[in-house]
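Line order of the protein sequences matches chains A and B. This note's numbering runs 721 ahead of the 1-based position in the first sequence. This note's numbering runs 6 ahead of the 1-based position in the second sequence.
Please keep in mind that the hints were generated in silico from the structure rather than gathered at the bench. Please read all numbers here as calculations on a predicted model, not as lab measurements. Hints may contain errors.
[What the hints assert, rightly or not] Now the in silico label distances, taken between C-beta atoms and shown as ranges: (1) 735/A x 199/B: 45 to 51 Å; (2) 33/B x 769/A: 55 to 61 Å; (3) 831/A x 186/B: 36 to 42 Å.
[To be verified] Facing chain B, from chain A, some residues (calculated, C-beta under 8 Å): (4) 743; (5) 782; (6) 783; (7) 786; (8) 862; (9) 865; (10) 994; (11) 1001.
The beta carbon of each residue, even a glycine, is placed where N, CA and C say it ideally should be.
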Amino acid sequence: MVNFIIRRLLLAGLVLITVLTLSFTLTRLSGDVAISMAGPGASPEDVETIRAAYGLNRPLPVQFLAWVADAASGDLGRSYLYHAPVADLIKARLPITLCLGVTGLSIALLVALPLGIVAAMHEGSILDRAIMLIAVIGQAMPSFWLGLTLVILFGLRLQWLPLSGVETWQGYILPGVVLAFSAIPALMRLTRSGMVDALASDYIRTARAKGLSLARIVLRHALRNAAMPVVAIAAVQLGFMLGGSIVIEAVFSLNGVGYLAWESIAKNDFPVVQSVVLFLAVIYIALTVLADIMNGLLDPRLRIA
Amino acid sequence: MSLQRYSALLGLCIVGSAVIIAILAPYITPQDPFLQNLDGRMLPPFWFDDSVPSHPLGTDQLGRDYLSRMIYGARISLLIGTLVVICSGLIGSTLGVLGGYFGGRIDTVVMFLITCRLAIPLILVALTVVAFVGSSLTVVILTLGLLLWERFAVVARTTTMQVRNLDYVAAADAAGASIRHILLREILPNIAHHLVVVATLEMALAILLEAALSFLGLGVPSPLPSWGLMISEAKDYMYFSPWVIMIPGVALFVLVLGINLLGDGLRDWLGARRDV
């Protein structure tokens, strides 16, 4: 088991280094940032001063290593736009994005688990088909458009919920629902197929023969076995959701990490952009490693991989 | 006819009509989609009493005919969906077949690339590339094409592993066929039906992603009539005239739904794996 965890962590480290290199290269695609920072009327001397001040006159590999070394010690550099440490900017906005992600995932699980279980219990029936239709519809829904539509309906027409912002907890409901939509299809399909397999297995037949109640069979026996892959996918989905929240934060004007990234991309503030890419990649890699190790602990057969 | 057949047929009809509309766009649009008319801005569509017969779906904030822009928008969505899938399909299938057939070190590298790709925040990186390289149709297509290959790779890899040990591959090998022949003539035709199903899913995803990028202002550049960009440009008017975002949004939803239904139908018909 220890070997499995070490191998998994080594792989995670390699993946992280690759993603880091990529995100660093990406942000250098725009050409000479010192010229755009100095503004249109700047003299060549001004540009040179800015280059020296931000260390942009060093060779790229040196800049990269310096950035990685700083990032490892928690220093993500300074924003060109806000003139503040990037780590502080992200820290200030993280609660909103995390709240949104957790709300979205909770709503997704609350919808997907019961529907997936019901669909599996009535496999092949009209009810099953109708429930799986929800998955197909969810997959085809453009999230930003769903967001705008819900704002018009619940914010403007019915006036039940705020149009934007998260001054009150009600502000998280609509963005959470929209974010949940992106995860519901996958979670529902997986719950359903896991439950179908579990319900057809020998131990369920034994439980039935013992005369246990249906609720007890489904919840205590079948669900426990079907839940494992769902938990693993839920962790991965949370990673995707944090990355995908950029669109939803833009629709609902939530000042989270995604909004920060969007703003920084539009204004060429590349220390922020590469840090957010790094940050999201670290969260995603950590979540997948955690899910793998958890699965490895629960199911020894997986440790060989 | 079963329910599944109906939904596959519905998907085929939706995708078929979208393709026909997109191809015939220059001949069926009532007006030039770029022609502005500042005297006729925000005209309502036909279901309102004060609509104008010459603009069945009304006009946008610059007085451009909405129906014409919608028709050309179908063209952009389908063009992006098709080209992205060709690009990502080539990358993903190549990697997957190589990893699945050779195994060992090569497979480890392929698996590593797939893991790296999954760790990259998709929308964020796509936005960054488009912002820093410059927004154009080509950049959007290449960016998405270079990012959306991982499902092709995963499916090509698993299915190649299953076919690799079958008798006809061993027979070709024994007959002295080259590796190139085995991969292209023996393996690829026998996993192609799985890849076609992935292609429909990825095409739907590419169309949704393009719309999201354009909505965020970093996708297809204005004044091109992308449905996502139309929603983005009209959203300041949505509180008073909700139809400006309803029309392109519903079109986007219906097209993507159609592609997914067609994909599900193909999966059943071709007997592809249910879990791809």
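Against the structure, the hints:
1. 735/A x 199/B: 45 to 51 Å: 34 Å, violated
2. 33/B x 769/A: 55 to 61 Å: 58 Å, holds
3. 831/A x 186/B: 36 to 42 Å: About 52 Å separates the Cβ atoms of residue 831/A and residue 186/B, which means 36 to 42 Å is violated.
4. 743: 7 Å, holds
5. 782: 20 Å, violated
6. 783: Hint violated; residue 783/A Cβ to chain B Cβ min 21 Å, cut 8 Å.
7. 786: With a closest approach of 20 Å, the residue 786/A hint is violated.
8. 862: OK, holds: residue 862/A within 8 Å of chain B, min 6 Å.
9. 865: With a minimum Cβ separation of about 5 Å from chain B (threshold 8 Å), the hint on residue 865/A holds.
10. 994: 6 Å, holds
11. 1001: 4 Å, holds
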